[in-house]
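Chemist: Letter by letter, the chains look like this.
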Amino acid sequence: MPVPNPERYDVRALSCGRDHTLVLLSSGKAIGWGGDGSGRVPAPTLEYCTTPAPTAAVEVLSRDPLEAVSAGDGVSLGVTSGRKVTTWGANGAGIDGVIGAVIPATPLAIAQLSDIVTAAAGEFQCAAVDDEGRVFTWGLNLDGALGRREAAFEGGPARVADLPAVESVAVGKGFMLARAREGEVYAWGSNAAGQLGVGHLQGVATPARVRFEGEIAAVCAGASHVVACTTAGDVLAWGSNNHGQLGRREPAYSSIPLPLVFPERITQVAAGMYFSLALGASGDVYAWGWNARGQLGLPGGDRAHPVRVPGLAKVTTIAAGQAHAVALTAKHVVGWGSNAAGQIAGAALIQAQPFELIAANGDRRHA
Amino acid sequence: MHDATPNAKRRDFLRLGVTVTAGVVAAPLVSSCGGGGDSQSPYPEQTFVQPLDIQSSNGLLDVTLVLSYLDTTLFNPTTNKDQQVHLRNMFGTIPAPTLRLKVGDTLRIKVFNNLPPNPPDPNPTKHLRYHNSTNLHTHGLHVYPDIYPQPATPPYINPNVPNLPPLVFGDFVVDDPEYGIQPGQTRQYEYRIREDHPAGTYWYHPHLHGSSAMQVGSGMAGMLIIEGPIDEVPEIAAARELDFVFQAPIYDATGQLESFGTVAQITNNEPPFMINGKRRPRILMKTGEVQNWRLLNAGTFNMLNLSLDRHTLYQYSHDGNPRRTFKVNPPLPESALTPPTTPPPATYPEGVVLAVGGRSNVLVKAGAPGTYYLRTFPIEIGRNPAGVLPADIVAEVVVVSEALPMSLPPEPLPVTPFLNPITDEELAAHGGLKRTIVMRVIPSTPAPKAGELPFTGAAATPLVQPPPGELEDWVYQTGPAQTQSKVYALGSAGDTSSTSPGMPTTYIPFQSSKAVTQMVALDAVEEWTIVNFNNIRHPFHIHVNPMYIVAVNGKRLAEPYWADTVPLPYNDNTPPPGYVDPATVTSVTFRMRFLHYTGRYVMHCHMLVHEDMGMMQGVTVV
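So the protein lines, in turn, are chains A and B.
Here the first sequence is numbered in the working numbering, starting from 1 and rising by one per residue.
Here the second sequence is numbered in the working numbering, starting from 1001 and rising by one per residue.
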């Protein structure tokens, strides 16, 4: 359902998935662009073969106001005002542990979960955190990605043991990270590029603590690398480095956190597939890593060191998808990178500089 | 030695539907026993015939292939009688000619689709309506997959769009079914074979989503051979080469194949295999002779499990990928031909197993004079006993008393560095990305539980109503791999249907602008796990890059191997009460280097009816 086009949206949060984009509005509504999980519903007689991806935003048809959204690989999760997790899109992680269920565009609540404060969608795995800081995971229990060794292959939502109270979770391709309230980080799942940060390349089926100096304020999972920022504004990264996504040319991967250097304090980070973003206290955005689809917001090839994204200022929020990214400025939501599924609305197929999605006001709570 | 030039044969090829612009045509095969069959010969007639064999010359093989209906006679193994058939055909023969190149060569194929216009088709699944549209795939080749950037190599002209520069296609199959190569149209393909390309046996066949099963099931397939260092090993060069194209042409009682339902219903019931269009051909060998057999399963569904009576098959190549050492396949015990059904055996012995689409090269050294059968042994394509394919004799080998002492080559055999093992270190240094792909069929019957399957509400019925005789199964893949499920995901799924907004009335073919595509970075090395939810051995095939198979059901293999088509283990795990899905699944895990080529291509189930119904997904390397 196309969204009526008000003059300016009050934006609360952004999230990017594999090939879709979600914008959570302060009203509790969410709008989206792009592929599965965007909330898009096709017209009854649409000719799919020949019709290009629509460029208008669509509204997620949530029955309840949303407090948080997470865009994954073809699927989205929402946290409602009633603290339930809802999901829409092509849910490879299943609903209530049954992945035979393919869900409607209308978000469907996951019955077993309640009192949830945040959730993260991956591809075949999802995670949520409740108000006591407990982590619940569900989906395909491959490579230990659910953090629960004993879970069935199609594991329904259940608690991950051996974790302290957790603030947030991040889901990569077959691995997860949990940031504890005290600032430490735990990781589990696939580890072929050292993305768990635990000093080796073996997969880990239960939470393992990542060792580093400082207290982590935010941690983001890319496809096979991780970027984190500390409460002091420093940045750490680990995992794959085949395109410079760790902010350096060497080594080709790192199984322990490595520091990055910025000209200012960093307040947020984001990670896509082989690329990374950081938001400085000044409101400038830095990008580095893979740039085959313009996902750094820059023309040209990969960058092995952080580069300021030109044309962006006073940014208050960033998010990265597989090969695209979005940012909230004082006046707009802008996006750049791959637009193969229409995830950046009417932008070019390869959009190598920020493109305006909507006019917006940054949410006061986040500004 | 070749006894024909392109010019001398051009008239014949025009009749056959193939024109050779560059390349030569090999002499027809005679057996080493002097041909046999004539009244002077002491030996029985060799009835094994090689496909027409067209070879590159001066680094180029350039052919035009014409698609049209073929009226011919096929032996019908079901009725044991010759039958007149009227089938879609590539090039005038079943199988199509063998195309033979050397590493470093270029192959150009111009396809002219001379089939009649697509007739009206009531099939509600729109992408299944274009039986007479087509395209071409070179199965297993590591070549450029997309449309070449313009300007293309002159002097090609795109007759379909005269105002645009000429288009030249690589191994491009990401066609909209409504388009592809439509009747009356021509498309130029060009495949540049790298010097380090694995030398081995490949094949080519139409690959238009929605019509691939009908066209390949009509016999539209041919062998494609890349020769390289392995073929210069003296013992292999000295061995007579026989090329086996196993096919199981599908047609109705009138000798025609005009409905997707006819191929869709052959599941578990594909006709017996023919070799090069012949049922149970006879091969003559001299005692002590070594022959070089190239084996290709060009069927649409079933597997082959080959063994030769009292002879060992020395396999030196799998899916075109040479092996450093032989896989030695001793003859399987005769007792395995008739396995008990109650209780069925725990395992079925395996000889040379060819998944549908799979190939193997084997050397065989003829033993004592006598008559031996090349057989396919019982093999499970699903849980036993219902899923066991029966034994069959596919060829007869007569070893005559005349001696021809020959040797097998010493090991190790030459293998291109392109096939070096992929280590943990290489994986980690090239992104270390792990992906999961799920392959699953969900049957529309019995009626699903509410909320468990996509379509349960009454109003959804028009969307899934097949015409009589069509589409017994719903085929889709979950998560990123689904095709029809895109419909579900986009608004038609759930336990009730929606009228506002309304549901789509057509499926979304996999070429949809919204279809899921795996985006891969050029030069990445990844590890993928292909998960099977079904009690059938879906053969997973991915274009362009070979798979280095490292694990089955999560267990690491002691000897990883290279393949391009891998049958997944069937999944007969018991579903929990009330569910159709098993609690555990089966899987194959492989590593892959995404080298040399960017562009769009696909991965899919090579049970071609599954592919046509949607068990396919895109890959884009950028």
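These are computed hints drawn from the structure, not numbers from a lab.
It should be emphasised that the depicted structure is a prediction, and the values quoted were computed from it without experimental measurement.
Think of the CB as a built atom: it goes at the ideal place given N, C-alpha and C, for glycine as much as any other residue.
Be aware that a few hints might be false.
Some, not all, of what chain B presents toward chain A, calculated at C-beta under 7 Å [said to hold, decoys possible]:
#: 1; residue: 1427
#: 2; residue: 1430
#: 3; residue: 1431
#: 4; residue: 1558
#: 5; residue: 1559
#: 6; residue: 1618
#: 7; residue: 1622
For the chain A half of the interface with chain B, some residues (derived, Cβ under 8 Å), not all of them [stated by the list, open to error]:
#: 8; residue: 193
#: 9; residue: 223
#: 10; residue: 274
#: 11; residue: 352
#: 12; residue: 353
Chemist: Each hint should be assessed against the structure and marked as holding or not.
Modeler: Status of the hints after comparison with the structure:
no. : hint : result
1   : 1427 : holds, 5 Å
2   : 1430 : holds, 5 Å
3   : 1431 : holds, 4 Å
4   : 1558 : violated, 19 Å
5   : 1559 : violated, 21 Å
6   : 1618 : violated, 10 Å
7   : 1622 : holds, 5 Å
8   : 193  : holds, 3 Å
9   : 223  : holds, 5 Å
10  : 274  : holds, 6 Å
11  : 352  : violated, 13 Å
12  : 353  : violated, 18 Å
Hint violations for this structure: numbers 4, 5, 6, 11, 12, all remaining hints satisfied.
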